[in-house]
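Starting from the known structure of chain A, fit chain B onto it as the hints suggest.
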Amino acid sequence: MTTESKVLTDDYLGRARELLRQIESGNEEEAGKLLDELTKLRENSLFQELGRLTREFHEALNAFRFDSRIAAALTETDFPDARERLKYVITMTAQSADRTLTAVEESMPLCDEMEADTLELKGQWERFTRRELTADEFRILVPRLEAYFGRVSEDIPKLRGNLQEVLMAQDFQDLTGQIIRRVINLVDDVEENLVELIRISGQNLLPKEKSEKPESAPSGIEASGPPVPGVDTGTVSGQDEVDDLLSSLGF
Amino acid sequence: MDKNIKILIVDDFSTMRRIIKNLLRELGFNNTAEADDGTSALPMLQAGGFQLLVTDWNMPGMTGIDLLKAVRADPKLARLPVLMVTAEQKKEQIIEAAKAGVNGYIVKPFTAQTLKEKIDKIFERIEAAQ
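Protein sequence lines correspond, in order, to chains A and B. Each residue of the first sequence is one higher than the one before, starting from 1 at the first, in the working numbering. Each residue of the second sequence is one higher than the one before, starting from 1 at the first, in the working numbering.
No lab work stands behind these hints, which were simulated from the structure alone. Being a predicted model, the structure only gives us computed values, none of them experimental. Yeah, the Cβ is synthetic: ideal placement off N, Cα and C, and Gly gets one too. Mixed in with the good hints, there may be bad ones.
[What the hints assert, rightly or not] Covered by chain A, per the in silico footprint, the following chain B stretches (three or more residues, Cβ under 8 Å):
id	region
1	13-26
2	79-90
3	101-115
If we strip away everything but chain A, and leave its shape as in the complex, we get (with noise of 0.2 Å):
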């Protein structure tokens, strides 16, 4: 028992006293007033709960702050940079997306131009197996065909190009994908830390258990991911500059 609360209960137990003896005489007045007091009391006591409480709780928070990440994630840098990575995210899903529209949009008219000929031409082919072709219908198919092998030695390339051309554009998975993964181990740092919060503000309502997260084995250097333009610094700008580094390393 603490001294305050002995203070307390002293205080308790002598009115208590005071006002069984009044009841007894009949002192109706006087023990009213004991009641009142004692009520009195009672509330003192919850308000001095009270701010305890808040004392503690403003403590807590206070302590809390210095060594969490939480202010400096939500106000400084890592939130804003989030929000910058993700809308990376956008744009290089919507250029994917794009990219790949527009390789398909290109090649859909070579099939359907190669599919109308191709089956016009079978049909005047076939007739001339047939021998129901006319020797100026003849003349008129040889070019015909000559200009037709002409285009589609033209168009396979052009559709290997593009077919090409959307599978460089899934290169967004990857990359979207790592920047993504990033984001997320931010929203969990920032988790922990308000589980942690709200662990310390609610007296330990929550059983103290850090989730040990697994640490990928150090190589003295950590992988950042794809860098992202106007939040990432020190990366170089590409190809070309990674090809002038090595060959300035001697490669």
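For chain B alone, coordinates are given in the frame of chain A:
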């Protein structure tokens, strides 16, 4: 250049592995295998038969730079050509990879042409050294 060489593609994103695999196929390399990080790649390499390693850097488990170091530290694998294809483009990272003995370094996003050039260059050098 021998187009039948066996190539191991290591990337944690299956889309990127497929992109690289398809590009290699376009270049005439059909003999490829895949792994999703260094931890699964290393035993495959140690089992033998690979003549080129194409690896990402940033992967959970064992990263590409650690895989490169492990390859160089293994007497049986030390001379295996390693091409890094990664989004990591900090200067100190490129220097780190060079120090660790990388044979080529491609930054994502890359083009089919870049991949071809770097592979050609790796094998030109190997042939010139022989």
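Which hints, by number, does the structure contradict?
When the structure is compared with the hints, none of them turns out to be violated.
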